[in-house]
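Final position of the sequence shown in the numbering used here is 48; the numbers increase by one with none missing.
Check each hint, because a few of them may be wrong.
What the hints assert, rightly or not - Within a straight-line C-alpha distance of at most 25 Å, the following computed SDA-like cross-link-like pairs (lysine to any residue) qualify:
| no. | residue 1 | residue 2 |
| --- | --- | --- |
| 1 | K13 | Y33 |
| 2 | K13 | Q23 |
| 3 | K13 | I36 |
| 4 | K13 | V24 |
| 5 | K13 | H32 |
| 6 | K13 | L25 |
As the list claims (entries may be wrong) - Between beta-carbon pairs, the in silico distance windows are:
| no. | residue 1 | residue 2 | range |
| --- | --- | --- | --- |
| 7 | K13 | A47 | 48 to 54 Å |
| 8 | E27 | A47 | 26 to 32 Å |
| 9 | K13 | I46 | 35 to 41 Å |
| 10 | L41 | M12 | 42 to 48 Å |
| 11 | M12 | D34 | 40 to 46 Å |
| 12 | I46 | R22 | 35 to 41 Å |
| 13 | I46 | M12 | 49 to 55 Å |
| 14 | A39 | I19 | 29 to 35 Å |
For the record, the hints were derived by calculation from the structure and aren't laboratory data.
C-beta atoms are modelled at their ideal positions from N, C-alpha and C, and glycine is treated no differently.
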Amino acid sequence: MKNYIETIRLRQVLLEVCTSHYDAIISAVLNRRLIAG
12 MKNYIETIRL RQVLLEVCTS HYDAIISAVL NRRLIAG
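Based on the sequences and whatever the hints tell you, model everything.
Below you can see the structure in the form of structure tokens.
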């Protein structure tokens, strides 16, 4: 049961990291388009 909880916690952390990186990439691309446009 403990492993199950740790797995869920790990997935949440990974999800948060991926989401923040995704947001950063999206905003960088948008900024580049605005500058290029």
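Evaluation of the provided hints:
With a C-alpha separation of about 30 Å, the suggested pairing of K13 with Y33 is violated against the 25 Å cut-off. Distance check on the hinted pair: K13 and Q23 sit about 16 Å apart at the alpha-carbon level, within 25 Å; holds. Of the pairs offered as hints, the one joining K13 and I36 is violated, with about 35 Å between alpha carbons and a cut-off of 25 Å exceeded. For the proposed pair K13 and V24, the alpha carbon gap of about 17 Å is at most 25 Å, so the pair holds.
Taking the CA atoms of K13 and H32, the gap is near 29 Å; set against the 25 Å cutoff, the hint is violated. For the given pair, K13 sits about 18 Å from L25 by alpha-carbon distance, which is consistent with the 25 Å threshold. Distance hint check for K13 and A47: the Cβ-Cβ separation is about 51 Å, which falls inside the suggested range of 48 to 54 Å. Checking the proposed 26 to 32 Å range against E27 and A47 shows it holds: the Cβ atoms sit about 31 Å from each other.
Checked against the hint of 35 to 41 Å, the C-beta distance between K13 and I46 comes to roughly 50 Å, which is inconsistent with it. Checked against the given bound of 42 to 48 Å, the beta carbons of L41 and M12, roughly 44 Å apart, stay inside it. In this structure the supplied range 40 to 46 Å is violated for M12 paired with D34, their Cβ-Cβ distance being about 34 Å. At roughly 36 Å, the beta carbons of I46 and R22 sit within the given window of 35 to 41 Å.
The hinted range of 49 to 55 Å is satisfied by I46 and M12, whose Cβ atoms lie roughly 52 Å apart. Take A39 and I19: their Cβ atoms lie about 31 Å apart, and the range 29 to 35 Å holds.
Going through the hint list in order, the structure does not satisfy hints 1, 3, 5, 9 and 11.
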